[in-house]
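With chain A held as given, fit chain F onto it using these hints.
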Amino acid sequence: MMPKKISKDKEDFEQPDWLDGLTASNPHIQSKAFEGFMNAWQKPIYFYMRKLLVNHQDADDASQEVMIQVLKSIDTFQRKSTFSTWLMTIAYHKAMDAMRKRKTHAWVSLDAANHAALSHLNEDALFDADEAETRLQAAISTLPPRQRQVFVLRYFDEFSFRKIAAITGKTEGALKASFHHASKKIRANVVLPA
Amino acid sequence: MEDMPTSSPFNVPDGFFDDQRLRIRQRLEENDKPASRLNQPQRRLWMRAAAFWIGLIGVVVSVQQWSAHNACQTYLCLLEQQEPSFTVPDDMLEEWLDDGALFDDILLDDVSI
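Going line by line, the protein sequences match chains A and F.
In terms of our numbering, the first sequence is numbered consecutively and its last residue is 273.
In terms of our numbering, the second sequence is numbered consecutively and its last residue is 290.
Careful, some of the hints might be misleading.
To be verified - Interface residues of chain A toward chain F, partial, derived using beta-carbon atoms under 10 angstroms: (1) W165; (2) M175; (3) S198; (4) L200.
Since the hints were derived computationally from the structure, they do not count as laboratory data.
Beta carbons: idealized from backbone N, C-alpha and C, even for Gly.
The shape of chain F in the complex, shown without the other chains:
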């Protein structure tokens, strides 16, 4: 077994760290090879396609907003049409889930900090 931090219960196979270092070096060297640049025209093509679709989505959204504007031209009208929102922001929900707090504390209302 490889030498490890004092008192750690985790062991590693013999020579593991040398082997990992070698693998990392090899991967970095592969990345440096100019061969990867051969993919550049393909990459540019892919980026053009992505730009086209983003542009198209932008046009569709703009047209929709323009139509909505036509349908409802006053602020009061827009306000009346607005549905009340009860959604929880994604980041807050993620935080609760990460903490396991959603079921333990929030839904069961058992906050005891």
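This is chain A alone, in the form it adopts within the complex:
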């Protein structure tokens, strides 16, 4: 059960053809570029947020904020990286803010947090999965923010640690450690009780 990937590393060195149109003064060209941008990125960004935040409304708000910021600050994109890395950096920080805002209290045990996440998912009308998938998503949603991001980018979107490092500004070593911690916690939570 692998959701759509955000991008593949082999595409990293190409800039999208609608990119120049976003800064064009001609409204017709700009509008076409807007559609091109939205067609390419609206769903990937929404589902990236949804995997991290789980709740539809939160993912809607966060993904909207990402796209607004990207379009408003497109002038500041200096093409020193690929567009996808630049966009994912914005998405990473927006997601971090959203997750920190509703961070669970430190004194809630991991089991209790996982149990709460499971019942949330089971009650969510917009979530449809079998038991294993539900347990996986619940386990992901109880991870600390950065581990959650690294796990989603690496496991679902299959980003290389190098690319994740470019997005997050962290070292590859730190990211590997985060992924290791995340995988360990997820394994512990996903294993079905005997």
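Below, chain F without anything else, positioned relative to chain A:
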């Protein structure tokens, strides 16, 4: 339900993506309106106030440093007055907290990578 990535367990309400696209377009158009420029004098006033307070803080800090300099004029004197610091840098602490590693690994000393 809207079409979604292959095998994703996450669904969205019908017409959600069209609706979101419309909202984004509307917000961008609102931003482009010249009405927002009407706030510029207020913004300038706010920036002047901020500059004033930053300047004032700068003066206070400078005066304090100057006083400290008067009180202790040799390097050895400053060194003797310095308290040992056991604080953890904020970014390192943040990294541990983000990883959930502070309680799991660092305080319990259970690093097993």
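Now for the hints, and whether the structure bears them out:
A cut of 10 angstroms between beta carbons decides the hint on W165 of chain A: the least distance to chain F is about 18 angstroms, and the hint is violated. Checking M175 of chain A against chain F by beta carbon gives a least distance of about 9 angstroms; that is within 10 angstroms, so the hint holds. Taking 10 angstroms as the C-beta contact cut-off toward chain F, the hint placing S198 of chain A at the interface is violated, the least distance being around 16 angstroms. Against a cut-off of 10 angstroms between C-beta atoms, the interface hint on L200 of chain A holds, since the closest Cβ of chain F lies about 9 angstroms away.
Consistency note: the structure conflicts with the earlier hints numbered 1, 3.
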